[in-house]
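Chains as they are written, first to last, in this note's numbering: chain A, 2 to 269; chain B, 2 to 269.
Source of the hints: derived by calculation from the structure; they are not laboratory data.
Fair warning: this is a prediction, and the values are worked out from it, not measured in the lab.
Keep in mind that a hint or two might mislead.
Treat identical chains as interchangeable: a pair holds within one or across any two.
Derived EDC-like pairs (lysine to aspartate or glutamate); straight-line CA-CA distance at most 20 Å [to be verified]:
#: 1; residue 1: 171; residue 2: 159
#: 2; residue 1: 217; residue 2: 102
#: 3; residue 1: 171; residue 2: 160
#: 4; residue 1: 251; residue 2: 31
#: 5; residue 1: 171; residue 2: 154
There are 2 protein chains.
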Amino acid sequence: MKNAALGFFDSGVGGLTVVRAVQDLLPGEDVIYLGDTARLPYGSKSPETIRQFADEDVGFLLSKGVKAIVVACNTATAHALPSLQERYRIPIMGVILPGVEAALADPDTERIGIIATRGTIGSHVYQHALATRKTGLMIHGVATPLLVPLIEENWISEEVTKDILRKYLKPLIDKGIDTLMLACTHYPLLVPVLEEILPADVRLVDSASTCAAHLKKMLGEMDLLNVKNDGGKLEIHLTDLSEQFEELAKRFLRKSPGKVRRAVLVPG
Amino acid sequence: MKNAALGFFDSGVGGLTVVRAVQDLLPGEDVIYLGDTARLPYGSKSPETIRQFADEDVGFLLSKGVKAIVVACNTATAHALPSLQERYRIPIMGVILPGVEAALADPDTERIGIIATRGTIGSHVYQHALATRKTGLMIHGVATPLLVPLIEENWISEEVTKDILRKYLKPLIDKGIDTLMLACTHYPLLVPVLEEILPADVRLVDSASTCAAHLKKMLGEMDLLNVKNDGGKLEIHLTDLSEQFEELAKRFLRKSPGKVRRAVLVPG
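Chain A on its own, in the form it takes in the complex (with noise of 0.2 Å):
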């Protein structure tokens, strides 16, 4: 069992930040990845439509044999986690409580932005997840649906991006924020703008290092970590190709993905 693959999903390639982290702390595993790329965005959905997708993601990693599963996707968390995590046995965890743990680890956090999509936003689970944890936060999120876009055309390091930033920032700036959950596993990749557009005392939490960690963390208890020296492999499987997909998925990943093949979803 120690040596089968973990299983990754998310609504499109942006998942893949999550699986590079994950990579760099636990390089004996084998990654089976799923972009539900024809489906994409989750962001803007439903949670019933969301769950529904989720089912059906899940599916098909049960159907590769993996040992775990990584939801990758913060949409599909904030909806879906709770009743994965009940139909099925096998252990499911998400990218929302490892990036919480990590806001909260430090005693001083009291002033906390999120920025993440529509449908994270208004899903109130981070907020909620937050202000259960602990009592007496200043939580703000902020929907922040242009940003995706604005990365997956590679206009990271563009004056205009920097101007919608500031203008989405400047709410949370004004409340004096001194921690910024970056609630999107597309946000990676702005860190370095985030850096210099934000005070500096303004500490980053992401969901893919948290989630790595917090990954580490589980399997280990469980007796699950593969530790075998001879590197992990990747498969990456989406339900649609494009070149703009594999071009995305080198940009998360800093490297070639190798091989992409073709999923097909059977309806849940």
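Starting from the known structure of chain A, arrange chain B on it as the hints suggest.
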């Protein structure tokens, strides 16, 4: 048959700009509109996937007994219209040919710019349709994937939107275009901003009003016009419902969309 409704489909609610233009020009027609919001956008997906989705969309409209179908989506027209016209006997028209004919109606047209999603530009369908109808044209297409999210964010009058439009349009203005084709059903909402940014002698050709004029002609020739005087009904079906879609629908229609129903498509 004249009294049957017209069927429209799009990946989302953008095609409602076409419905609005049709309601202005053909007030007696009833309209059944299908937006495949669960799987939007089509613009970044592969031709094969888009053909499958379009086939399912047409199946839904046929089950409602429509007399003719408008593919109110540039990407679906680009990739799926020929196969749909081959497969079904009912009249099916798209949004591309009407725009192309309108652009070429002015005999002085020589230098044409096209803005659209990555999928539409990459399909070269506009470039091809223009070039085969008139020789000696200079045609220049630019993929402008940020415009749909900017419109959906309702940032139409914001300075960053003007900056992004200036950046996208600069190569076209530098090339001295005399005509700009707005090859996406969302873009009619940008007309006031485009008129502000573009040189005064650049003519704008949009997908909505040109499609309505073409539809009127086609229905007249086939003796399928509904000439009743009591006003057409509009029935909107979406594969995923959310407040955001209803709010967007209202902006595209410039009036309340009424009750929106959830559509379930049958896999093709």
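Hints, verified against the model:
1. 171 with 159: Close inside one copy (18 Å) and across copies (15 Å); limit 20 Å.
2. 217 with 102: within (15 Å within a copy, 60 Å between copies)
3. 171 with 160: both (16 Å within a copy, 16 Å between copies)
4. 251 with 31: within (18 Å within a copy, 48 Å between copies)
5. 171 with 154: Classified as between; 17 Å across copies, 23 Å inside a copy.
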